[in-house]
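Residue numbers (this note's numbering): 1 to 76.
To be clear, the hints were calculated from the coordinates, so they are not data collected in a lab. Quantities reported herein were computed from a predicted structural model and do not represent experimental measurements. Accuracy of the hints is not assured; some may be wrong.
[What the hints assert, rightly or not] Here are the simulated SDA-like cross-link-like pairs (lysine to any residue), alpha carbons at most 25 Å apart as the crow flies:
{"no.": "1", "residue 1": "57", "residue 2": "8"}
{"no.": "2", "residue 1": "23", "residue 2": "38"}
{"no.": "3", "residue 1": "13", "residue 2": "52"}
{"no.": "4", "residue 1": "23", "residue 2": "48"}
[To be verified] Pairwise CB distance ranges, derived in the manner of DEER restraints:
{"no.": "5", "residue 1": "39", "residue 2": "59", "range": "25 to 31 Å"}
{"no.": "6", "residue 1": "18", "residue 2": "65", "range": "26 to 32 Å"}
{"no.": "7", "residue 1": "52", "residue 2": "8", "range": "16 to 22 Å"}
{"no.": "8", "residue 1": "7", "residue 2": "68", "range": "15 to 21 Å"}
{"no.": "9", "residue 1": "56", "residue 2": "13", "range": "28 to 34 Å"}
{"no.": "10", "residue 1": "67", "residue 2": "18", "range": "26 to 32 Å"}
{"no.": "11", "residue 1": "10", "residue 2": "56", "range": "19 to 25 Å"}
{"no.": "12", "residue 1": "57", "residue 2": "5", "range": "16 to 22 Å"}
{"no.": "13", "residue 1": "6", "residue 2": "34", "range": "15 to 21 Å"}
{"no.": "14", "residue 1": "46", "residue 2": "8", "range": "27 to 33 Å"}
{"no.": "15", "residue 1": "64", "residue 2": "14", "range": "18 to 24 Å"}
{"no.": "16", "residue 1": "52", "residue 2": "10", "range": "26 to 32 Å"}
Built from N, CA and C at the ideal position, the CB exists for glycine as well.
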Amino acid sequence: MLTFNWDEYKEFKKHTSQTDKLKIAIDFMRSYYNISSPYEMFGMLKADELGEMLLNKREITSSDELENFMYQGLHS
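Turn these sequences into a full structure, and let the hints guide you.
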């Protein structure tokens, strides 16, 4: 499994107008790792201490919940 590269994330974060750290992490994984699957993203975040903190802050405990979080603003 891939490990989350926080140094590259910090660089990516400098170039985004997004302020939500979890949304930035999702955009980063899409861009840097070419991951689009909520299942893969959840696994990668869950396996990382800081990533798990981002999930816990939103009370996200499954890939389905992460998917709901990812798409919550698209259909409103």
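Tell me the hint numbers this structure goes against, listed in increasing order.
The structure conflicts with hints 5, 6, 8, 9, 10, 14, 15, 16, although it agrees with all the remaining ones.
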